[in-house]
Amino acid sequence: MAGAWVFAEITRDGPHPAAFELLAHARSFDDDPTAIALGQGATEAAAELGAHGAATVYACDDPVFAEHPGRPAAHVLAGLIEAEAPDVVLFAQTYDSRDVAGRLQGSIGSALMGNATSIADPRHARAEIFGGTKIVDVELAGPAPTLILLRPKSIAAEPTGGTARVVPLEADVPEDIRGARIVERHEESASGPRLEDAKVVLAGGRGLGGPDAFAMLDELASVIGGAAVGASRAAVDAGWVPYSYQIGQTGKTVKPDVYLAAGISGALQHVVGMKGAKRIVAINKDADAPLLAMADLGVVGDLFQVLPALTEEIRRRKGS
Amino acid sequence: MNVVVCAKLVPTGTPTLGPDHLVVRSGTDAALDPGDEYGLELALQLTEQHGGDVTVVSMGPDEAGQAIQRALAMGASRGVLVSDPSLRGADALVTARVLAAAIGMYPFDLVVAGVESTDGYTGTVPVTVAEILGIASVTAVRRLEPSDAGARIERMTERGYDVYECPLPAVVTVTAGSVEPRFPSLKGIMQAKQKPVDRPSLQDLGSRDLTATQTVTAVTDAPTKAGGEVVQGDEAVGRIVELLAEAKVI
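As given, the protein sequences belong to chains A and B, one line each in that order.
Just so you know, we're using this note's numbering here: the first sequence kicks off at 1 and counts up by one.
Just so you know, we're using this note's numbering here: the second sequence kicks off at 1001 and counts up by one.
Same shape as in the complex, but just chain A:
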């Protein structure tokens, strides 16, 4: 039996939803995967991790992991790996988890594979490259364990109703390796559903022309109800909306029932983050925009006319 470990990222709101997906990946080749949960709320998270298939959860609630992201977690993992010798450690392809994986690779010298979408066993995994147009099968060599980062939403989380054995861990992290420390946190107040959870995602790109036009998407979202607003990297890089809006290779991966893109041409970097949507609607004035070609419904037209008219029509329907 291959010893599969899952690095369950602990956020301020509990375990990252991707942790449950990682357990589903792990269970495809290991019936009894182990989860490692580091940070405040880790012990509490163990029940949910167990309910998604973790047989064992190593948990440590020490605040050092949230205060100093990355390095202390990699240090503790390296110690645990030396003692327990797993075959593979799975990470979510998030900024925080991949920092832990990168650090860990530097200390243990194992193979690390990024952007995987599925895993066959600890030495074989698959990734999509070039915006998801090619699939590559990769074989991993080097000392165990292999480190594999899986893209969020490449598999559905599967509740098993199980219960994990919880093993408490001590955080033995020397002062001199703690590294950078968080001294302030700033969160944008979010209203409505999270981008990753919304049934409808409305995304704006360069074609919106500036930050003010996002108000059209906000209004449409509120009329539809349960919709979230996102953006392409071009709109985020231009500073029109914050990074938390970004959908794509860098940024969030979404799989809504309906994805409506306004003024987004469809660079590979963006497509990776939304191609799993059930239905894709693209509005673009350029008939050659790549996203129009992959949309279920492509609209060649002026989004400044289509969006307000669409909002008005849905309001009228709902009102009647």
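Keep in mind that the hints were calculated from the coordinates and are not lab data.
Just so you know, not all the hints are guaranteed correct.
[To be verified] Straight-line alpha carbon distances no greater than 20 Å define the calculated SDA-like cross-link-like pairs of lysine to any residue that follow:
1. B/K1248 x A/T311
2. A/K285 x A/K199
3. A/K278 x B/E1246
4. A/K199 x B/V1249
5. A/K285 x B/E1235
6. A/K199 x B/T1028
7. A/K285 x A/G209
8. A/K134 x B/A1245
9. A/K199 x B/K1248
10. A/K134 x A/T253
11. A/K255 x B/I1250
12. A/K153 x A/Q269
Given the structure of chain A, go ahead and fit chain B onto it with the hints provided.
Just chain B now, with coordinates in the frame of chain A:
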């Protein structure tokens, strides 16, 4: 403040794979990764304000010299190119080991890289370099200024941003859009040709264990999604409403 900037040469068009399953590098158009220009700009601004030099380090084929020339033309003082046929197909670990060894040959207070490359997107090499060098790191940085503790750094998060106090030396990765990269001036391009570019060998770097741990065993085309219907402006609203109704979201 002396800054080392990591730079990568990436294909500019859609990359292709050769029979060995590696990205075709020769004979294709390539340039300094646009994602690296933000870190380079930040480094140039820091040294302009606080003194010090910017050294740009790249590992890659001989053509990676173009990426270094671009960085020198933007204002970096020195280039370092590690190029060896045995490094073709290098994975994240080999890349990190080589970069860490090359960076270690120069004085630095800060190492700057892009958040992830525009061709590979793994995004772990900079933190692995930090681990090998035994120093702190902060990723996804949008602002950095020197402070008593070393540097005060703003890092983007999924919800907003966090502020870090970071000891130096450290490795940081800089997000796109955080600064506006300058265009090289004609004068800068001319001066770049006179600037030193060191070419240390792997023996100079003392790098050991440079065997790649990843092998691509098969490449297949992903199933392509057939496009659907395309409508013009005036039909659009009715069709979008129908689609939303079919999806039962309105």
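To see whether the hints hold, each was checked on the structure:
Restraint check for B/K1248 and A/T311: the C-alpha separation of about 16 Å stays at or below 20 Å, so the hint holds. In summary, the hint linking A/K285 to A/K199 is not supported, as the alpha carbons are separated by about 26 Å, beyond the 20 Å threshold. The hinted pair formed by A/K278 and B/E1246 meets the criterion: a straight-line CA distance of about 12 Å does not exceed 20 Å. Restraint check for A/K199 and B/V1249: satisfied, since their Cα atoms lie roughly 7 Å apart, inside the 20 Å limit.
With a C-alpha separation of about 14 Å, the suggested pairing of A/K285 with B/E1235 holds against the 20 Å cut-off. About 42 Å separates the Cα atoms of A/K199 and B/T1028, which puts this hinted pair outside 20 Å; it is violated. As the CA atoms of A/K285 and A/G209 are separated by approximately 13 Å, the hinted pair is consistent with the 20 Å bound. The hinted pair formed by A/K134 and B/A1245 fails the criterion: a straight-line CA distance of about 33 Å is larger than 20 Å.
At roughly 10 Å between alpha-carbon atoms, A/K199 and B/K1248 fall within 20 Å of each other, so this suggested pair holds. Of the supplied pair hints, the one linking A/K134 and A/T253 holds, its CA atoms being roughly 18 Å apart against a limit of 20 Å. As the CA atoms of A/K255 and B/I1250 are separated by approximately 18 Å, the hinted pair is consistent with the 20 Å bound. With a C-alpha separation of about 16 Å, the suggested pair A/K153 and A/Q269 falls inside the 20 Å cut-off, and the hint holds.
Hint compliance for this structure: hints 2, 6, 8 are not met, and every other hint is.
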